[in-house]
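Asks: Please work from the sequences and hints to get the whole structure.
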Amino acid sequence: MTDRAAGGGNVDDYAGRVLADRYRLPLPPSDEYELTETRAFDTYSGQEVLVRQVPLPEVVEAEVLDAEGLPDGFTARDPRDRGVRRGGAAARTSTRRPTDPAVRRAVEAAQAAAAIPDHPRLDQVFDVFAEGGSLWIVSELVAARPLAALLAEKPLTPYRAAEVASDVLMALRVLHAHGWVHRNITARTVLVCDDGRVMLTGLAVGAAEEALCGYDPVPAPEGDGSGGAGGAGAR
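The sequence shown begins at -16 in the numbering used here and counts up by one.
Treat the hints with care, as some may be off.
Unchecked claim - Ranges between beta-carbon positions, derived for each pair:
{"hint": "1", "residue 1": "Val1", "residue 2": "Ala170", "range": "29 to 35 Å"}
{"hint": "2", "residue 1": "Val(-6)", "residue 2": "Ala144", "range": "24 to 30 Å"}
{"hint": "3", "residue 1": "Ala98", "residue 2": "Leu134", "range": "30 to 36 Å"}
Since the hints were made in silico from the structure, they are not lab data.
Here the structure is a predicted model, which means the values were calculated and not measured.
Beta carbons: idealized from backbone N, C-alpha and C, even for Gly.
Replies: Rendered as structure tokens:
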């Protein structure tokens, strides 16, 4: 008998690399993983999830992978590990609290975005971690297609376009109510579900990418006069 994942997929389809000792990926089309997002099987929950990859700059990769509990900017290396490159044992070490300042800010920004309360117009983010020279964001797997894919087939009718815009606006109102500004809205981050509803995704990925560029996307705490990057002062 073939095992089935709770999300309806075949567990045997996920025979590839395992991320964070938990998320099993499908076999890649080649020896190298060149992906931005893919399905994965969560071995803890038995559910299928969606995994998005945010490549990290090479300059911070060694610090993220090798530093353990040291002050910012310092690394601890075993001389025997000097020859280890991406794809080696050290490169597969995962962490949710990187010691490299830039990567830590990116992880924390994505985690902060994931902490927004659940809403039917926003996708749920379950986990964020750094591993193998990339930051990985795990979210719910939705039965949906990107708006870009639908537009590639045919234009939306005016009525349907208005429905999509209304749902996106609702999602933005929720984000703004929590102090966030979504700067990653594209035809690929707008998902049109099989049941007709529309969801907005990409907030956590965008927050991580902004943090890697030195920009703080996380809203300042309420009552903080600093006017944080994601707060009303930035709108």
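Asks: If a hint holds in the structure, say so; if it does not, say that too.
Replies: Now the hints, each set against the structure:
Separated by about 32 Å at the C-beta atoms, valine 1 and alanine 170 satisfy the suggested range of 29 to 35 Å. Taken as a hint, the range 24 to 30 Å is violated for the pair valine -6 and alanine 144, whose Cβ atoms sit roughly 39 Å apart. For alanine 98 and leucine 134, the hinted distance range of 30 to 36 Å is satisfied, since their beta carbons lie about 32 Å from each other.
Comparing the model with each earlier hint shows a violation of hint 2 alone; every other hint is respected.
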